[in-house]
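Line order of the protein sequences matches chains B and F.
If you read the first sequence in this note's numbering, its first letter stands for residue 1, the second for the next number, and so on.
If you read the second sequence in this note's numbering, its first letter stands for residue 1001, the second for the next number, and so on.
Do not take every clue at face value.
Calculated pairs, DSS-like style, for lysine-lysine (alpha carbon to alpha carbon, straight line, at most 30 Å) [as the list claims (entries may be wrong)]: (1) 1361(F) with 276(B); (2) 1008(F) with 276(B); (3) 454(B) with 1562(F).
Derived by calculation from the structure, the hints in this document are not laboratory data.
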Amino acid sequence: MAREYTTTRDIVGPLLLVEKVADVTYGELVELEFPDGTRSLGNVLEVNRDVALIQAFGGTRGANPAQTKVKFLGRSLELGVSRDMLGRVFDGLGRPRDGGPEIIPDERRSIYGDPINPTARDFPDDFIQTGISGIDGLNPLVRGQKLPIFSGSGLPHNQLAAQIARQAAVLARSDDAGKAGEKLEGEFAVVFAAMGITFEDADFFASEFRKTAAIERAVLFLNLADDPAVERIATPRMALTAAEYLAYTCDMHVLVILTDMTYYCEALREVSAARKEVPGRRGYPGYLYTDLATIYERAGRVKGRKGSITQVPILSMPDDDKTHPIPDLTGYITEGQIILDRPLHRSGVYPPMAVLPSLSRLKQKGIGPGKTREDHADLSNQLFGAYARGIQAKELAVILGEAALSDTDKAFVAFADAFEDRFIRQGEHEERSVERTLEIGWELAALLPRAELKRIKDTFVEKYLAADAGSGQ
Amino acid sequence: MERGTIVKVAGPLVVAEGLASSKMFDLVRVGDEGLMGEIIEMRGDRASIQVYEETEGLGPGDPVEGTGAPLSVELGPGMLGAVYDGVQRPLDVLEAQAGSFLKRGVTAPGLDREKRWEFVPVVAAGAQVSAGDIIGTVQENEVIEHRVMVPPTLAGEIASIAGGNYTVTDAVATLKLADGSSRDLMMLQTWPVRVPRPYARKVSADEPLVTGTRVIDTFFPLVKGGVACIPGPFGAGKTVTQHQVAKWSNAQVVIFIGCGERGNEMTDVLMEFPELTDPYSGQPLMKRTVLVANTSNMPVAAREASVYTGITMAEYFRDMGYEVVLQADSTSRWAEAMREISGRLEEMPGEEGFPAYLGTKLAAFYERAGKVQCLSSDAGADGVGRGATRTAESEEASAARPVREDSDEGPDGAASAPRMGSVSVVGSVSPPGGDLSEPVVQNTLRVVKVFWALQDTLAYERHFPAIDWLTSYSLYLEKLRPHWDADVSPEYRARRDECMAILQRESELAEIVRLVGLEALSAEEQILMETAKSIREDFLQQNAFRDDDQFSSPMEQDRLLKTILLFHAKAIEAQGAGVTLKAIFAAPVRERIARAKYLTVDDLAVHDEIDSEIETQLVAGGKEV
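I would like the entire structure built from these sequences, with the hints used as guidance.
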């Protein structure tokens, strides 16, 4: 039952205030037609008696109060979902952008989804091999986790995200504690949502996916920098609705990449400012945490269903400031973070992962015998600790001079350098199996005095130190 | 029931007309689906309602029905082991009804209406009872005996009472009131969540709440009935610290509120607690735990209510005479929920957009903690009358918890002692950017007595628990002194203070070391630096995931301190006698000190052995050098 009005009173930024409406509900989808014939979608943010406040996803350029037609569609913003979405490119509101035909939907779903009942969640504890040592070895990604990449302008987060998307794979369970399982093919899908990134960045992702045929198992939702900003508020939800369908209906393991969350939050702030809401920190609305949570918490596993949703949101920290509200609130919701580091990038290390402040909260659950290898946890602790000590020793050397270091400290400095060079650094198209990552880890551990390998069980040292380090050289 | 009509919908806030006879904080049913809501503002017959479910699809003209009653929780057998959302809907029942995702309008009562419990009366017909008196018991599970009480508003004579198997809504007794009318008493009571449950009197809390976490128990201890806050940036380990307290504290009942936090964390608790064993009862931890889970993506108004739901349950167990620990993770999310609702009400904001009443609400919440003498007929002048029944109870209760050390826990005490109970509150705070000057932290610090400051820098160094020993504090130290002297050792406090002084001195010396190097310090100062390092690594650091390290009793903690300080004293002595620092620091016994934290009380002999090794190695070994 569509009802059309031309009773717009005010237009403020992306918002329209429409009077004398009837039977309008909160969240209802609206179609707007401006005097020049352009059409755009919007939804109801607030309804007060016969006055409705509408946010226009396409912005309000060309709108005027007297002639703008406002049509209430009697449903909320929905996405038609189907398995045929794989391999397709959509715009930020889920309309085909690749020139292909419309999707014939299996069903239409509200993009806001429903929260997973906490008792129905299954704990994420299956390792995802990304083929990147810095992640797999030290801060492993686990199926159903949400692990953001905190980056800054000019850092290669796109390359890293594309590499994760290309290489991510689930491993089969292994009966041998000393061996990781085989890669399982064909269970993975990638849902990619771009909010406010440039054409060039989006094109980079699209062509990366195309080059490796990963596009066949990918769904892309693109809202580019010159697309309407308010539309961005819907884009990640579109992507997650598609992901939920693929995961829980089609039994796929879905990796969702959301980039760049900073632009998403700015769009939210724009709408909030236009509504004259009381701002929280730095002008962002007070409900930013809750709003972000309704996106990030859609990652997870559900008991009794085969599929899972793993999220890798990317956000660029303004001025590399981790305490800025967007990375800060994100860090409080997500299960860890991968932080990219400018000095490391400057010294030419790709991927420039700042190992020490990065964290995967679920790592204990995703590694170990059967999942990866029995020595993984110990080795990862040891590498982490040794690298931290090496960095500390380096700082000391800056103040007191290298001569002031003990032999052990010198060994740790050498380790830290080698660690950055051989473990962290890898090619953009280099895919390392988790076994290879651990092997490199052992080669590096061999640089340290045997007595310093305190965090590793002796049996593992005996079993792997010689064997792995030897074979690697 | 009064019916009104929606005139405005803005997110979780709905305004409705025609509710003139409803009252503030009344529960209402909104829309055709009957979504739960609560009146939070009234102007004439227009009521502003915060709705506990998604409001999408509601519009002007939709009905609102008043219930005439405030938002309440159901209290009775069946709460332990349950998982509720912020307004006490049992999540497992919702899952069974509506599947893996939370759908709107699905609801279920907080307590199972079908389940039968074996009720054992402890008073006989004809007994005079007043509010809070225990009329019977239900062995809810192996750990907790549920004590069925006269509701706080009633008193009279028991007209009839009979044991047997009842559901929570069956009448188990009939009470003849003073005005001659009679009332059926059932096991289920309801209580409005925003009203503190009454007690006879509040008393000063002075018993230690042992958590088994060394930095907490020794340096910044909490008492039963005390309040603590854990602020810290993300990744510093707030949740792990909360879980540690929930798992190992010597409270009898634990209420864990996941308020606006991660769904997977609640899942972790849900999967882990049934597996973990309560060190005191030997039963799964879940049997003494109630979970209130309102994760960050669940409706924000229900998050606001969740802390009240949790603390009302805590008070109910307190009223039975139990010691309860309530954990709220995180109160910042609760404050944010208040801010969001306040913003929608277009209230004039205080600091950082938080409502001006933030401080009042936080203080009022924390004030519901405390140790109390429970409401009962003998809470007045004479403590006689019902002693006999309670002796019987005490035997049962203590038989259920053979390992618990402390003796005076409410009814388990002497027959004539009044029933005591306590609620301790541990709230975590998630300050934006780790900035402790923000309003939620500051308002919390005004009311809490214990402050466990988590530092992300410590966490990066993998120093866990990342509780900063220099900025944290506990104002309960003096109160605990008699207990420490009597139950642990008379030197415990002095040892603790000495260690604190060493750590403090270390932080001052660290500045110098950073500028000019360790060699610039005197020998004694260098020994102090080593001892401080030993305190940090061998005492403060504790691995929550290692079986032999996650719990350390006060006796073990004291013993460990003694060993560390002995080494310190002997090292200074040996240095004075001419032993080189290198030889002192290379003493093989230090390896054993580092492992001493994995020892248990049964290994006291090993401690003595280490002590004597310290003596011999630092003196005899020194002479050789």
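Results for each hint:
With a C-alpha separation of about 26 Å, the suggested pair residue 1361(F) and residue 276(B) falls inside the 30 Å cut-off, and the hint holds. With a C-alpha separation of about 18 Å, the suggested pairing of residue 1008(F) with residue 276(B) holds against the 30 Å cut-off. A distance of roughly 26 Å separates the Cα atoms of residue 454(B) and residue 1562(F); the hinted pair therefore holds under the 30 Å criterion.
Hint compliance for this structure: no hint is broken.
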